[in-house]
Amino acid sequence: MTAAQIDPKLLEILVCPLTKGPLKYDANAQELISEKAGLAYPIRDGIPIMLVDEARKLDGAE
Amino acid sequence: MAPPEKTSDAMTVFDRYAVRLHRDRSARNFGEFDFLFRHVGAALIDRLQDITRDFPRVLDLGGRDGFLSELIAGHNGIENVVRCDLSEAFMHDGGGLRVVADEEFVPFGPESFDLVVSCLDLHWVNDLPGTLVQLRQVLKPDGLFLAAMFGGNTLSELRASLIAAETETMGGAGPRVSPFADVRDAGNLLVRAGFALPVADNFEVTVSYADPLKLMRDLRGMGESNAVRARQRGFTRRDVLARAAAHYQDRHADADGRVPATFEVIMLTAWAPHAAQPKPLARGSGQISLADVLKEDK
Chain A
237 MTAAQIDPKL LEILVCPLTK GPLKYDANAQ ELISEKAGLA YPIRDGIPIM LVDEARKLDG
297 AE
Chain B
61 MAPPEKTSDA MTVFDRYAVR LHRDRSARNF GEFDFLFRHV GAALIDRLQD ITRDFPRVLD
121 LGGRDGFLSE LIAGHNGIEN VVRCDLSEAF MHDGGGLRVV ADEEFVPFGP ESFDLVVSCL
181 DLHWVNDLPG TLVQLRQVLK PDGLFLAAMF GGNTLSELRA SLIAAETETM GGAGPRVSPF
241 ADVRDAGNLL VRAGFALPVA DNFEVTVSYA DPLKLMRDLR GMGESNAVRA RQRGFTRRDV
301 LARAAAHYQD RHADADGRVP ATFEVIMLTA WAPHAAQPKP LARGSGQISL ADVLKEDK
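Protein chains in written order, with this note's numbering: chain A, 237 to 298; chain B, 61 to 358.
No lab work stands behind these hints, which were simulated from the structure alone.
The beta-carbon is built from N, C-alpha and C at its ideal position, and this holds for glycine as well.
Accuracy of the hints is not assured; some may be wrong.
As the list claims (entries may be wrong) - If you only want the chain A side, here are some residues facing chain B, beta carbon under 7 Å, derived: (1) 246; (2) 247; (3) 250; (4) 253; (5) 286.
Based on the sequences and whatever the hints tell you, model everything.
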């Protein structure tokens with residue numbers, strides 16, 4: 237079973253909810269990365285979870 | 061276990077973690093409790109149909125199981141609807157473009173949508189002015205914001221009954237029913253958020269229940285249980301609930317013993333500013349005296 241992929245239409249319009257900065261799509265990790273916020277938002281079943289509470293802190297981020 | 065609270069200031073009225081939890085729980089059987097949402101959703105669609113414009117890209121904010129996204133499909137040249145909700149549990153229902161998002165931290169870039177719709181969602185937002193500003197920014201110029209939210213008279217019977225019961229049994233009362241916005245405040249907020257041509261009006265829906273406890277069960281099913289931060293945690297004492305139900309029955313029951321519950325719905329319509337929109341003329345730019353006009357009429 238292959239996991240559902242995020243729709244490219246969403247990738248065009250999504251930004252970091254905290255900084256409103258751009259997001260980098262990591263297809264392997266299924267994450268949307270906000271460098272500015274130092275957060276990686278998970279994508280589960282093709283659905284981006286844009287909640288700060290659910291995001292992973294990036295290494296090197298305080 | 062509740063997470064540690066990060067913010068504590070007078071602006072933070074609602075416990076957003078509780079809002080999310082209540083929604084997650086309501087997602088399981090939402091279809092059994094969605095009648096009010098569908099009713100108000102239909103009113104939103106009516107408003108939309110009055111507007112002869114196409115809105116290809118739509119954001120459905122607080123879309124829950126997709127009831128509004130479904131209702132709206134096929135109207136006004138809509139091509140894509142992005143449904144977002146605070147609750148991930150709702151995202152497994154229905155298809156389409158879905159995003160888990162917090163209304164207080166809108167995760168979309170500027171000018172992403174032609175239309176933002178929201179049905180009975182914004183009453184749980186702490187910083188409504190901040191959310192409205194963010195929503196204006198995700199709209200294209202001349203994009204439409206169309207929302208319904210609960211207003212101040214919502215659940216007035218329940219509120220009064222709970223306060224009476226709590227005062228009697230516990231010698232004081234805590235907030236058990238959400239504070240809701242007022243229709244005048246709502247209009248002002250739209251202006252402050254930078255929207256053009258704002259309109260805020262309201263209507264009431266009265267739902268008849270077999271008894272007050274049935275109403276309380278329904279509110280839970282709708283995911284609309286109390287999430288005020290200052291509420292008492294844990295369960296409401298059984299004797300308080302029973303007393304409140306008795307008060308409710310005494311004051312409001314009809315001949316058959318059924319009780320009404322009032323829901324006030326505020327409808328908001330506003331546009332993202334655009335140069336082509338009608339604007340009032342600058343003060344003092346009038347060329348004809350009003351007195352002359354009235355004289356000529358004679």
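Hints the structure violates: just list their numbers, smallest first.
2
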